[in-house]
Amino acid sequence: GENVEQHPSTLSVQEGDSAVIKCTYSDSASNYFPWYKQELGKRPQLIIDIRSNVGEKKDQRIAVTLNKTAKHFSLHITETQPEDSAVYFCAASWIQGAQKLVFGQGTRLTINP
Amino acid sequence: EAGVAQSPRYKIIEKRQSVAFWCNPISGHATLYWYQQILGQGPKLLIQFQNNGVVDDSQLPKDRFSAERLKGVDSTLKIQPAKLEDSAVYLCASSLDGRSADTQYFGPGTRLTVL
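Here the protein sequences come in this chain order: A and B.
For the first sequence, the numbering used here assigns the number 718 to the initial residue and increments by one for each residue that follows.
For the second sequence, the numbering used here assigns the number 494 to the initial residue and increments by one for each residue that follows.
Because the hints were derived from the structure by calculation, they are not lab data.
On a predicted model such as this, the values are computed, not experimentally measured, just so you know.
C-beta atoms are modelled at their ideal positions from N, C-alpha and C, and glycine is treated no differently.
Where hints are given, some of them may not hold.
Only pairs whose alpha carbons sit at most 20 Å apart, straight line, appear in this in silico DMTMM-like list of lysine to aspartate or glutamate [unchecked claim]:
1) K739(A) x E773(A)
2) K775(A) x D550(B)
3) K788(A) x E756(A)
4) K774(A) x E756(A)
5) K788(A) x D744(A)
6) K537(B) x E722(A)
7) K775(A) x D744(A)
8) K508(B) x D579(B)
9) K537(B) x E773(A)
10) K571(B) x D550(B)
11) K508(B) x D549(B)
12) K537(B) x D556(B)
13) K537(B) x D766(A)
14) K774(A) x D595(B)
15) K788(A) x E773(A)
16) K537(B) x D744(A)
17) K739(A) x D776(A)
18) K576(B) x E507(B)
19) K576(B) x D590(B)
20) K537(B) x E756(A)
21) K564(B) x D590(B)
Chain A regions said to be covered by chain B (calculated; three or more residues, Cβ under 8 Å) [said to hold, decoys possible]:
22) 742-756
23) 759-773
24) 777-789
25) 799-812
Kindly produce the complete structure, drawing on both the sequences and the hints.
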């Protein structure tokens, strides 16, 4: 089955700097890669996603890149702000009768003022 | 639009007791998912429904866990009997059509503590 590895497990950056979180996946059939943000005690919320026919997608300060050949994808947050502090999860999905989503272990991002 | 609703938000039980969680997905969403999220880990899929049928329950510990979605809307997840290792947050999610790569929306979760 699919396996998703996420690094680093914790990341601390100064406010205004950039943050990068990386994920690798094992199943070449995966074709959908969402990123979720989960604040303490809250539900995971989708922040950006990318499909396998696209190499990069950007939404304001957030961007995701996908390298299908290497089977890895990354989340980039620029001009970080204190409200970006949270746990971020990557996931990989493929269709086998129905969409199957496998999550990474999560990255705890802390923005230092 | 209203989001995914779950209840209760918190539950504390002793081992070997039973517990049930309830989920109401976003209106019109055909696909409903139950995930288990152990502290410090990503969500792990337990079971997935397409309308009122199960499409994937390969990671559901069927000797103690059961779930149903009788009318293709609300769903309940039950644990009987509970073990210490079942302590986790149980997340319900829904999507418009699980047969395509569309967004999964999560509920607030139920935090279960087994003593």
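Do the hints match the structure? See the list:
1. Distance hint between K739(A) and E773(A) is fulfilled; the C-alpha atoms sit about 14 Å from each other, no more than 20 Å.
2. Restraint check for K775(A) and D550(B): not satisfied, since their Cα atoms lie roughly 35 Å apart, outside the 20 Å limit.
3. Restraint check: the Cα-Cα separation between K788(A) and E756(A) comes to about 27 Å, which exceeds 20 Å; the hinted pair is violated.
4. Restraint check: the Cα-Cα separation between K774(A) and E756(A) comes to about 23 Å, which exceeds 20 Å; the hinted pair is violated.
5. Distance hint between K788(A) and D744(A) is fulfilled; the C-alpha atoms sit about 8 Å from each other, no more than 20 Å.
6. Taking the CA atoms of K537(B) and E722(A), the gap is about 14 Å. The hint holds against a cut of 20 Å.
7. For a cut-off of 20 Å, the pair hint linking K775(A) to D744(A) is broken: about 24 Å separates their Cα positions.
8. Restraint check for K508(B) and D579(B): satisfied, since their Cα atoms lie roughly 9 Å apart, inside the 20 Å limit.
9. Annotation: proposed proximity of K537(B) to E773(A) is violated, straight-line Cα distance about 27 Å (limit 20 Å).
10. Of the pairs offered as hints, the one joining K571(B) and D550(B) holds, with about 14 Å between alpha carbons and a cut-off of 20 Å not exceeded.
11. The hinted pair formed by K508(B) and D549(B) fails the criterion: a straight-line CA distance of about 27 Å is larger than 20 Å.
12. With a C-alpha separation of about 18 Å, the suggested pair K537(B) and D556(B) falls inside the 20 Å cut-off, and the hint holds.
13. Straight-line distance between C-alpha atoms of K537(B) and D766(A) comes to about 19 Å, which keeps the hinted pair within the 20 Å bound.
14. For the hint pairing K774(A) with D595(B), the CA-to-CA distance comes to about 16 Å; that is within 20 Å, so the pair holds.
15. Straight-line distance between C-alpha atoms of K788(A) and E773(A) comes to about 14 Å, which keeps the hinted pair within the 20 Å bound.
16. Under the criterion of a C-alpha separation no larger than 20 Å, the hint pairing K537(B) with D744(A) is consistent with the structure, at around 17 Å.
17. The suggested pairing of K739(A) with D776(A) holds, with an alpha-carbon distance near 18 Å, which does not exceed 20 Å.
18. Between K576(B) and E507(B) the alpha-carbon distance is near 8 Å, which keeps this suggested pair within the 20 Å criterion.
19. A distance of roughly 33 Å separates the Cα atoms of K576(B) and D590(B); the hinted pair therefore is violated under the 20 Å criterion.
20. Pair hint K537(B) plus E756(A) holds up; C-alpha atoms about 18 Å apart against a cutoff of 20 Å.
21. Pair hint K564(B) plus D590(B) holds up; C-alpha atoms about 16 Å apart against a cutoff of 20 Å.
22. Counting residues of the stretch 742-756 of chain A whose CB lies closer than 8 Å to any CB of chain B gives 4, which reaches the minimum of 3, so the coverage claim holds.
23. Three residues within the 8 Å Cβ limit are the bar, and the stretch 759-773 of chain A against chain B gives 7, so the coverage statement holds.
24. Check result for the stretch 777-789 of chain A against chain B: violated, 0 residues qualifying (beta carbon to beta carbon below 8 Å, three or more required).
25. Residues of the stretch 799-812 of chain A with a Cβ under 8 Å from some Cβ of chain B number 4, which satisfies the need for three, so the listed coverage holds.
Violated hints, listed in ascending order, are 2, 3, 4, 7, 9, 11, 19, 24; each of the other numbered hints is respected by the structure.
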